[in-house]
Structures are given as C-alpha cells and as structure tokens.
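Asker: As a plain string of letters, each chain reads:
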Amino acid sequence: MERFSRLFHGLDSTTATNRKLALMRDYFRDVPAADGAWAVYLLAGRRLKRLIGPSRLQDWLAETTGLPRWLITETREHVGDLAETITLLMDADTSGEPDPRALHQWIDEQLLCLRDDDEVTQRDRVVAAWRALPPDQCFLFNKLLTGGLRVGVSQTLVERALAEATALPRTVIAGRLTGQWQPDEAFYRGLFEPASHDEDASRPYPFFLAHPLEESAATLGAVDDWLVEWKWDGIRAQMLVHRDDVILWSRGEEVITAQFPELREAAVSLPAGTTLDGEIVAWRDGQVQPFFQLQRRLGRKRVGRQLLREAPVAYIAFDQLEAEDTDCRDRPQWQRRESLAATIDTTADERLMLSPLVAARDWQELDSQRAAARENRVEGLMIKHREAAYGVGRRKGAWWKWKIEPLTVDAVLIYAQPGHGRRANLYTDYTFGVWHGDELIPLTKAYSGLNDSEIRRLDHWIRRHTRERYGPVRAVEPAQVFELAFEGIQPSSRHKSGLALRFPRIARWREDLGSHDADTLAQARELADGIAG
Amino acid sequence: MGQDLIEPTEHGLYCAAGDFYIDPWRPVERAVVTHAHADHARPGSHRYYAAPSSIPLLKKRLGADTRIEPLHWQHRYRFGDCEVSLHPAGHILGSAQVRVGDGHRVWVASGDFKRGDDPSCEPFEVVPCDTFISEATFALPAYRWPAPGDTAQAIHDWWQTNAAEGRASVLFTYALGKAQRILAALRWLTPDTVYLHGAAVPLTRIYRQAGIAMAPTAPVSERDSSDGFAGELVIAPPSAHGSQWMRRFRRPSTAFASGWMRIRGNRRRRGFDRGFVLSDHADWPDLLRTFAETGAQRILTTHGRADELVAYLREQGYRASPLATAYSETGEAD
Ligand SMILES: [Zn+2]
Ligand SMILES: [Zn+2]
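Line by line, the protein sequences are chains A and B.
If you read the first sequence in this note's numbering, its first letter stands for residue 1, the second for the next number, and so on.
If you read the second sequence in this note's numbering, its first letter stands for residue 1, the second for the next number, and so on.
Since the hints were derived computationally from the structure, they do not count as laboratory data.
Accuracy of the hints is not assured; some may be wrong.
[To be verified] Here are a few chain B residues that sit away from chain A, every Cβ distance over 12 Å (derived from the structure):
| no. | residue |
| --- | --- |
| 1 | 67 |
| 2 | 106 |
| 3 | 210 |
| 4 | 222 |
[To be verified] Simulated coverage check for chain A against chain B, where a stretch passes if three residues somewhere in it have a Cβ under 8 Å from a Cβ of chain B:
| no. | segment |
| --- | --- |
| 5 | 12 to 21 |
| 6 | 64 to 74 |
| 7 | 79 to 91 |
| 8 | 464 to 475 |
By construction, the Cβ of each residue, glycine as well, lies at the ideal position given by its N, Cα and C atoms.
The following block holds chain A by itself, in its conformation from the complex:
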C-alpha cells in the first residue's frame, strides 16, 4: 500500500513522461504479483464498481467535520474534486500512521468489503479510514472510493512501462490488457510470459503512411497508373478478424475494439484470418458525418447504448494486409484491392464498406473533384500506385495524399507563454482571439508555423508590449495579426468562443494587417456552419 501510494504521488507530481515511465517500470519490475495486478488495473484507468455515492460521502463528511452540508458542497466545487476535498478537510485529524498492509490486501479489506456492509458499518469504516490514514493515503483511498485514479498516465504509457519491465513488445502487452481480466496474481504473472503464436497473430502490421503531395499532380505521370480514393476524415484502424475474436488497432497502436462494439459485431461476418486497413468514420443516412461526431466516441472505456444510437460509425476499408491467414502486403495495390473487394462482398453488413475509387480522365478533373472534397466531408484524395506494395512507415512514391486547402482565419495575438524544452526561454505558445463587438474572444492556441527568426522577433515584441501577467502568461497589446490555418472547425461548449479548431497552426504573420482587420467570431462561426451544416 505504501509503495503504491508513493508511486501514485511520484506520478502525480511530475509532468515528464520519461520520469513517469521510469517510476512505473521500476515499480512493475519487482512488485509482488498480487499488488502488481491491482496497480496495472488502477493505472490503466479501470475502476472499482462504485461503492458509495458522492452525496452520501458528503453527508458523512459534514457530520464528521461539523461543517454545514452546503459549505461542504461549496468547498468541493472550489477544490474541484471530492476525493481531495475529503482529504483536505480531514487532514488535521489523522493520526498519520501509514497503513502497513499490502496493496491487494488493503483493497480487499478496506474497499471491496464495503460492498457487503450495511450503511452504518460502511459509514463507520469509511470515517475510521479518513481519521487513520495519512493524507497521501487518504487521498488514494478517496479516489478509489469515488472512481478512478486519473493520474495523468495513458494506457499506452502503462503498456510501455510493462513492456520495459517484461522485455516484451508493447503490442503484446496491449493485447493482454484488453478484454476481461481479473487483477489477480495469475494475471500479473501471465504478463511476464513469452508471447504465444496467437498473440503474435494478434499484433497489427506497421501502418503504411502516405506522403503529402506538394508538387503538381501532373508530375506523377499517367493518371491510369494510379488508384485514387477519397481521404476519409476519421481515424485510421487495422481490423484483425480471427476465428474467435476481432481486434481493432488504432494508428497509435492502441486496441480500440471496446470503443466500437458495432464494428466488432459486423466484422464477425468476415472470413477468419483477415486483416484490413481502413478508416473508422461517423456515419449516418448513407453519409459520412463531421469528425466531431466521431470524437464523441473516442477515448472511452465503454460506450453506452445512447451514444451508439446518437453517433453511429462505419468502417471504410481500403486495403487488405492478410487474407486466409497469409500476409499479402507484398502483392501489388490493384491485387490487394481486388481481394479486398471480394472480402467485403462476403458480408451484407452495411457498416463495413469498400472505399470507392474516384474516377477521372486526367489530373485536372481530379483537381476539381478535390476542390469539392470539403462538401463531401472528406479531407482530399489518396493517390496510390497500382503496383505499390503495402510498405512500412512513410515511403515516398507509393502513396500520396492530396489534401484540400486548409481553412483560414485572421486572428489577433492576445496571450503568450513560454514554450517547452529548447524553447523554454522564448514566448512560443500563443493564444489568438477574434472580434466579438469590441472584445477579443480567445479562439485557439497555436504553436508551430513561424521560423526561428520570426519567433525571436515576436518574442522581443511580446516582452515590450505586455499589458498584464498571470504567472507565466502575458496578455499583450492586441496589435499582431496572424493567418491561422486549420483542418476543421466545430462547435464546442468547452471554449468561450463556442468553437474548437482542428490542427490549428500559424500560416503567416500578417504584418500588413492591423488588429481591426482581423476576423470576427461571427465569421468563424460561419465557417463552422459551412462544414457541419
């Protein structure tokens, strides 16, 4: 318990990924298996079934501290987290002895047993723990009582730490952490076993990536040598269909099967021993939907029925990497496409489809199709050589992406703060605003896009035109206008502007413009309406 508590606080008090990785790796290496299993379970973001509701905990806290119930609520709102609120209000009364029990034992005896208790016993146990545990452990206790840990480590980072501790490929660990498992000794031991044949079969192929087409398409030669498809605005995923299972791997090599249960269901109808590459898109009424619809489905452990109904998805397959358990990546593109078409033909499920070819007589005709891409809610065109093999990584000449011109907005620099790493001493982290009446409303942050000399010149300007400071952030005079480019814009309740930009970056420093030449919020909203509507 104490060791895990120290790990937790170590992770909580650093923002450096490498430090977090090292802390977890060292812990996993020699922790007893029964504790390790729980640590993996909790760090990977799994949670105990809710034991006691937050409202009841606040009632008990009011009774224990003698503070009025409304003041408990206000304090929790100010602190932002119930587990921490309890810890802060109780830490004067704790006796402060660390709990000597092992993590698994402590979870059993301190938390899981609450499940079978009546309310009076629950209250007694919980309040006794609040009084007995030192603040660090009390916080951990409350976190587990109220939900997950959320300590700023991703599932991928936990997998990397385990991969280093076990000396196994991360994708093998990732496979072992998906699906149902119990945090027990046997499970943790199993993580250290060598990879089996089946496990190797469950790993994704390295994704083959396209190069952006920057020169004229005519330089590619005869249009007939190429297969052209839409570039879908979704998330790339490999679909592995095995005899008894389906696995979806994202391009970041994360297993995302659980986020898309309907695709798993659909893929069962495909022949076993198939691996496809394609794009998961939001899909409704026979049409791809804006990316933000898909976003609602991402980053979840489980997807509820309502969300499945509100944000349905489809899988648009564009390549076949494995057929009948055989790796076919070396076959030419056209052959793989034929095999893919045949595979998709075997299913009647409408959630699985073949990415259609975009036909054109010449490059010019393709260019005009590309220009209409945004209306079709795609990002542009994919141009693949008919004879290309499915390679590894980004290799020039086989696959090209021909994107549509980005959207742009002219916005005013309003805040700046120092960057990280090499640029920690320069103001490189900018916030831009657009006009709403005579007020500048923050629209987006953007980092990249300026060259080094521009960055230095802007840094110098920022230092001499600061109006106010809040910690590291400087509010500057609204004078500098920048053209920002971005790939999409969508409604967002989290932003004051009501809008969120996708992949914003600085396209140009518009020194020719004054701040009042910048765009308005209404203009930005029109862009969003133009896409979503």
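Following the hints, put chain B with the ligands in place on chain A, whose structure we already have.
Answerer: Structure of chain B with the ligands alone, referenced to chain A:
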C-alpha cells in the same frame, strides 16, 4: 449607533468621524496604510500614516520623498473625533491592524493578517472590538495551513535533493514578505547562502536593517553562473518564471510557495515541479478563531471568498456582510 464608523467610498475605506482613509485605492488627503503590498499602499495621497517598521518598505514603493508619519504600536492618536492606534497584523514586516474608537464603539480594520509563526515580522495582536473588518482571501475550510516549520523543512529537503543531483533549485514566491519569511526560517536549517532575484534584493536589505535575522543572501547577478547554479537555492518572484532570466540555471527544479498550492489542481496547472503550502494570510480556522477572540459581534469582509464566509458567520450568529473593496482577490500582490 447610526452611521458606520468606517464605510467604503469610491476612494477607499473612509472614517468620516476622523476624516481619514484606510488603504485608499485613489489619492486622498490622509491615508492610514496597513502594509506595503501594492494593493494596499497606492501612490498619490497627500499624507500617509503607518507603523514605523513599515515606513522604509513604503518609501521603497511610494518614493523616498513621500510624507509618511509614524504611528507607534499601540499608541493612541487623535484623528478628529476618534482615537486611532496600530496593532501588529502578523502579515509582513510592519503590517498593522487599524483600531478606531469614537468613545461609543471600537472598530478594527485588519488589512491582511495571519496567525502562524513568522520570525520576520511582529506577531498578530488580538484587539478586542465591536466590528472587525477581515480579509477573506482563503476563507474556505479546505484552506488549513501546515505548520510553517514543516514547510520550511520541506523546502530545505527539496533543495538538498536537487543539490545532490547537481541541479539548481528556483523557488518562486512574493518578493515582499514571503521571501524574507522563508529566509528567516532557513537560517535555522542551513548556514549556506541563498541567491536572490533582483526584485527581492532591496526588500531583503530593508528587513536586515530592521534587525530581522535571515539566512545569508547574495544577488544572483553577483554570482558566476558558469556552473548553472548547481546545488544553489534561488528565490525569485513568480513573474520570473519562464523569462530570459531563467536561462542562467541549468536543469533547474522549480517550486512555488503559496497558500494556493494547498489545492492539487493549482499545483498541476501552474507548471512548477513542486508546490509548497505557505501563506501570509489567515487560513479558515484562524479566521474563525480570530473573530471569536476579538469578541466582535459584527464581521465585515474585504478581498477574497466573502460569500461563503459571510453565510457561515451568519449561521453562527454573527452580523456579517461583505464590503466592496479594490484589493487583490488572490492575495498575490507584491
Ligand atoms: Zn498583503
Ligand atoms: Zn491584501
């Protein structure tokens, strides 16, 4: 009793019976100033009154030729129909509570105050009164300070850990008050020199001239920086975080000392490696204790989280209400 003895006006808290202001935010004829923080000591008034130990700090802030009359601790001075006296507030060197009596009633305006140990300033004095004007910067029960000695020890341990790794330790904190409080506490823990950002140098000198014993200090600018200040402790104002000035330190570990560091979310958002809980304002238990000890029936609150405090005090049987003032909401002025 009729009219209140002290009332907020557009210039600041005003005592009509004595014809003077307390910590006015606009220029006035006569200003009694509780302490030298920027949101309480504003320039432009004709004549100032303050505790003797506050005067050098005020002159540093307001200009050397500012007219400032000393009001000696506990001594009663006549202002119009009132008697006015100053009593230590324990906030920073020379910080005062202003006691005002008109023969019928006694009001105390406390400015900023705290009750915790602080070897760098005069300790808080409980002044019995009918009405107490209190700050409410940290007026929620989650704000309860650890023993200042423990925090000083934690700062020292952090410094030693970094030193063992050959790193510099840069501690951000307010240049007036908190910096000297930390230096005074470190004196018991180390004989080593602590390096100061330029903003803290003259203020620390004034503290020394007032006889406050502190750890030895030297300006950052006077030390050779070729080793990146490996192993050294540096104290700097928060505004230096992320500035060019930080370039001289190699792989510095950064920390922030403030009452706001009590909340995990604040520690994480601020982007410092460590947060130390150390405040020059009263925490929740000390606010309540102070109200009880003064015997005041009526509590008026100035800056901070007035709503919850006022509602709570009313439930406890006090007459309580917030006063509109222009002091810093965050207690972060320096
Ligand atoms: Zn102050
Ligand atoms: Zn103040």
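Asker: Hint by hint, say whether it matches the structure.
Answerer: Here is what the structure says about each hint:
No Cβ of chain A comes within 12 Å of the Cβ of residue 67 of chain B; the nearest lies about 31 Å off, and the non-interface call holds. A cut-off of 12 Å between C-beta atoms confirms that residue 106 of chain B is not in contact with chain A; the least separation is 30 Å. Against chain A, the non-interface label of residue 210 of chain B holds: every CB pair exceeds 12 Å, the least being about 29 Å. No Cβ of chain A approaches the Cβ of residue 222 of chain B within 12 Å, the least distance being about 22 Å, so the stated non-interface status holds.
A stretch counts as covered by a chain when three or more of its residues have a beta carbon under 8 Å from one of that chain; for the segment 12 to 21 of chain A and chain B the count is 4, and the coverage holds. For the segment 64 to 74 of chain A, the stated coverage by chain B holds: 6 residues have a C-beta nearer than 8 Å to a C-beta of that chain, and at least 3 were required. Using a Cβ-Cβ cut-off of 8 Å, 8 residues of the segment 79 to 91 of chain A lie near chain B, which meets the minimum of three, so the contact claim holds. By the rule of at least three residues with a Cβ nearer than 8 Å to a Cβ of chain B, the coverage given for the segment 464 to 475 of chain A holds, with 3 such residues.
Every hint from the earlier list agrees with this structure, and none is contradicted.
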